[in-house]
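**Student:** Residue numbers (numbering that gives the first Met the number 0): 0 to 160.
By construction, these hints were calculated from the structure, which means they are not laboratory data. Since this is a predicted model, take the numbers as computed values, not measurements. Take the hints with a grain of salt, since some may be wrong.
[Unchecked claim] With a straight-line Cα cutoff of 27 Å, these simulated BS3-like cross-link-like pairs (lysine-lysine) come out:
no., residue 1, residue 2
1, Lys84, Lys131
2, Lys155, Lys127
3, Lys42, Lys131
4, Lys84, Lys155
5, Lys131, Lys146
6, Lys146, Lys127
7, Lys127, Lys84
8, Lys42, Lys84
9, Lys90, Lys42
10, Lys84, Lys146
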Amino acid sequence: MHHPSKLLWIVSALALATAAHLAAAPAPQNDSGSIVIVLKDGKTQSFNLSDVARIEFNQPGSLVAAPGRARFYGDWTVGDGAGGKFTITLKANGSAHKTMGNGSGTWTLVNGEAQITWEDGWHDVIRKAGSKFEKAAYAPGASLSGKPENVAGATKHAEVN
């Protein structure tokens, strides 16, 4: 167990170091549309927010979940666009599985929707549509901003890890 005064000393030292760094390196003017990354060696790099698609935090042995990501974990029954159904499983580690065709892939959260890339080249997107969810399918090579090959209902079932 940590001694309370030692913990207080560590927190105070971190606060003082942060305050000293902020005083030494004032934020540039007109940076409201950018993100600045400060590395351990003190170097900085700025990115325009309009150029950033997503920010991912990866650490060995752990995964930092993006807000809203957990809502997609689990099994989804989705339509195939031809009246049939199949299951898509989205796991917290970013892997995806489907019970139709080549069943392996990866997924990520982009703009509040689950974008899935399958090994067979197809892409599926599960998104909120009104009070329900839908699955949109995109052919290999198609842009996810274009018209999907088909759109069908999506219903979430059990969560998995």
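**Student:** Confirm or reject each hint.
**Tutor:** Structure-based check of all given hints:
no.	hint	result
1	Lys84 x Lys131	holds (17 Å)
2	Lys155 x Lys127	holds (11 Å)
3	Lys42 x Lys131	violated (46 Å)
4	Lys84 x Lys155	holds (13 Å)
5	Lys131 x Lys146	holds (20 Å)
6	Lys146 x Lys127	holds (17 Å)
7	Lys127 x Lys84	holds (18 Å)
8	Lys42 x Lys84	violated (51 Å)
9	Lys90 x Lys42	violated (35 Å)
10	Lys84 x Lys146	holds (21 Å)
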